[in-house]
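Chemist: Residue strings, one per chain:
Number of protein chains: 2
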Amino acid sequence: MSDIVDTGPYATGLQKRVANFTQLSPLSFIKRTASVYPEYTSIVHDDRSYTWLETYTRCRQLGSALKKRGIGAGDTVAVLMSNIPAMYEAHFGVSMAGAVLNTINTRLDAATVAFILDHGEAKVLITDKEFSATARAALTQCKSKPLVIDVDDDKVDGELIGEVEYESFLNEGDPEFEWTLPKDEWQAISLNYTSGTTGDPKGVVYHHRGAYLNAISNVVGWNMGHHPVYLWTLPMFHCNGWCFPWTLAAVAGTSVCLRKVSGENIYNAIADRKVTHFCGAPIVLGMVINATDQEHRTFSHEVNVMTAAAPPPAQVLAAMEQGGFKVTHVYGLTETYGPAVMCAWKDEWDGLSVEERAHEKSRQGVTYHMLEGLDVIDPETMQPVPRDGETMGEVMFQGNIVMKGYLKNAATTNESLGDGWFHSGDLGVMHPDNYIQLKDRSKDIIISGGENISSIEVEDTLYKFPGVDAAAVVARPDNKWGETPCAFITLRSGIEASEEEVIQFCRDNLAHYKCPKTVIFSELPKTSTGKIQKFKLRERAKELGSLN
Amino acid sequence: MSDIVDTGPYATGLQKRVANFTQLSPLSFIKRTASVYPEYTSIVHDDRSYTWLETYTRCRQLGSALKKRGIGAGDTVAVLMSNIPAMYEAHFGVSMAGAVLNTINTRLDAATVAFILDHGEAKVLITDKEFSATARAALTQCKSKPLVIDVDDDKVDGELIGEVEYESFLNEGDPEFEWTLPKDEWQAISLNYTSGTTGDPKGVVYHHRGAYLNAISNVVGWNMGHHPVYLWTLPMFHCNGWCFPWTLAAVAGTSVCLRKVSGENIYNAIADRKVTHFCGAPIVLGMVINATDQEHRTFSHEVNVMTAAAPPPAQVLAAMEQGGFKVTHVYGLTETYGPAVMCAWKDEWDGLSVEERAHEKSRQGVTYHMLEGLDVIDPETMQPVPRDGETMGEVMFQGNIVMKGYLKNAATTNESLGDGWFHSGDLGVMHPDNYIQLKDRSKDIIISGGENISSIEVEDTLYKFPGVDAAAVVARPDNKWGETPCAFITLRSGIEASEEEVIQFCRDNLAHYKCPKTVIFSELPKTSTGKIQKFKLRERAKELGSLN
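As you go down the protein sequences, you meet chains A and B in turn. Okay, so the first sequence: first residue is 1446 according to our numbering, each after it adds one. Okay, so the second sequence: first residue is 1446 according to our numbering, each after it adds one.
Hints may contain errors.
If several chains are the same, the list does not tell them apart, and a pair holds so long as it fits within one copy or across any two.
[Unchecked claim] List time: in silico DSSO-like cross-link candidates among lysine-lysine, alpha-carbon distance up to 30 Å:
hint	residue 1	residue 2
1	K1853	K1461
2	K1791	K1771
3	K1461	K1628
Keep in mind that the hints were calculated from the coordinates and are not lab data.
Can you build the whole structure from these sequences, using the hints too?
Modeler: Below is the structure:
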């Protein structure tokens, strides 16, 4: 180790040494917390609970057992699990072995899981028996022959399909395992497949440095404090739970597991476990707001909710605030370790009306503390757009919480990262106060009569229509206009409205060319994380054919 | 840039790029805060105040003006200032030029300042006119011929001795200066001289990575929240104000400047400026507790106080708590960027009696979040001592917030850092709950009013007093200063001198705070080999009791 980077009197004798240089890794967080707060509660899962010393020990056993099976640096350990203790432990134990954690979306079909196992070259698959049917089917389809470990959680049904049960596997490991930090903080820590809009899923690779920094960004940005009680409404398979497994180790928080996300379960956890924080897509906010009286529980402490994927509409925000929830709006992509942008709140906005507050909060905002660059850029010229809140450009990111790249996909990696910025594919504007606002995914823009229409803007208007529970707008092919906006709407039960009424409402509130020409009342297809699957709506709009 | 650190499928195409790798530097914090909170208050100084946009702009001007004068990487910019806005600005502007900030203790004598200017090879000296007499004397004594910039603060007397006044100098700079991050986060950011136990002061070098990480450790460890109002009771020349200039930029806090630290000024700042946080040695706590009724002001918000250098005694803690202050006990050295260890509080201690709470809080505690290793080690065997709270060993540190090393002092650097741990020279024990507790400061150091005084340096001066045969200086307990230097002197036979004469001699040759407050003429107890037994003198000094 000798990398002198200075000049002048600073040029000699000041090199990196073991005493003064440590690779950044979230493994340091769990080591510290197990030492300082060994008796504090780390994880609660139904009637089971663990202390930090127990969780740390179990992680060491997992790391040791993996290592004994020959798993180490450069090896992928895939997991197909709910938000259960073993899933949390995998976030540390796999890294302790030096290996890379690949959390697979449990809602995927077997063929896609098989693709991921093969593409990621998984050496191990840890599978929750709830998903053993999918796992079994995937294993028959893939070329990889990973060691399969079953988690035999007693609260779910399912077969055991693997070679060894998880608890037995842990017993193979040394509880005093002397794991080491990665040789380089740039080393891969995890692999997250994103559902590509075109073709096969892409494997986004995170490194230890980025995981460490975004874990801390969550603490600082959300002002989390020590010992939060965190409810796992957000799947850990989603961008490693937005880095929160590592965040909770840093601040010695408690993970409250949750197999099934429902309004009832959320309120019970808040009332019984004193949950202080949770994350979720708008669908989770909907469960909270729309809980029945029987599901609803009262509580007196502050509950902080981080939401992403769509800006919270005014009525959702108002209902959440009245319910005792403090909502923070964040934005990010799998490629940015989850949240990397936040609508940093300003005290002076407290005095605004709920609509005005929702307007401010609907903006995606500013960089996370540890994201270096965020801008709205013209991808042709690579020049930032004017800060006028109107000129559209592509949202781009720069910094330590941008992925290493896509696994075994140099072409797309170079395309995405090659010119100094990560190209998100999202379209937005930059406001004069340096807050960004998304206007659309590039593919979600509707081009009608040569005019760009932001589907988000139309959706925002639709959400103001009385009784609308969910709304999505996509392009419908049109012989005359090229495309026209086609709205899909879910009304709350008991509410009735006509297509004509909805269109008229839009015409009263929007430029006419932006108004939907078609309104379809229907349930909206959603992903496991609550994101509306616009591509399915787009297919339905295509099937409708041209309006003109 | 191509540093592949992985194996297996991760071995190719995942290198560092501009898009996904940024050097860690606290400069990123001020850039972000100026963008997100441009109109928030950054600094208040008497009747002046600045916004973050203004402070950022002034820092850019400073960086640009320095660069125009040829200052850049590897160059030292020394400053001799109180806690005034220019001092804060130097923490960013100097780095923007790529240079290294050397904050000099304003209480030092001219000869020591001259030594520091020469040893650090200062190219620039920015001096507050309050200290122009010392600066002028130092400049006549040193070989360095730095560019001298005067800060003409209108609240103090003093001459202008330099080539250019600070505000004029800023005007030479470009307010839109396109500064760049360091080429490597390991690059030096600052230089802090510590009064060594032997011989000349040693120049402790910090790097951008460590400054970034300890700034964030302050936020996470102290749970600071956004927009704290921070009172500058702690000199910024001490370990760069324990990294708080950088911390405040990260969380968009307000710096309340304070030329003169007094109980009255502290209470006024709390009541009028709504100060939420301040740091200080026990003497600062004493000022708060012992304020007269006229000095005392009432306030209703929580005020957080971080203290170091000596554990807060039970009666001090009780008085602080009753006064509305929440005290956190930290520990560190110049070599560890200031605080690197904290007595992490546990909720279950809340129910203890004030004596029991003080007992817990008197322990130095556990690692800061971003310090990797802390242990009490037998320096002979390099084995950790038993965790029994009794066995003494040397406190040692490991991690990213340990200094780069001592400037131009490879021998001492190797001695301090060479075997994988930073040797603090402090003696302590490790408790069964993994909290450390200091038992003895390294034996030669006296801590008076938060300032380290090397007994050897004082002894060297005493030996110059005519007729001194032997001299030894130890700490005498002091209610006001914590400790004061107590000198034991043997005069040659036939020689007579008074306590007053000896003290006056020291005042003519040493910084005043280093001078003995007590002089005892006596034979000195010695070992069979002629070594002075300081522990016996320490006992005698203790028996004398507090001077104040």
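Chemist: Against this structure, judge whether each hint is valid.
Modeler: Structure-based check of all given hints:
1. Taking the shortest Cα distances, K1853 and K1461 sit within 30 Å of each other only across copies (16 Å), while inside one copy they are farther apart (32 Å).
2. Proximity of K1791 and K1771 under a CA criterion of 30 Å is satisfied in both settings, with 14 Å inside one chain copy and 26 Å between copies.
3. Within a single copy, K1461 and K1628 get their C-alpha atoms as close as 14 Å, and across copies as close as 16 Å, so both meet the 30 Å cut-off.
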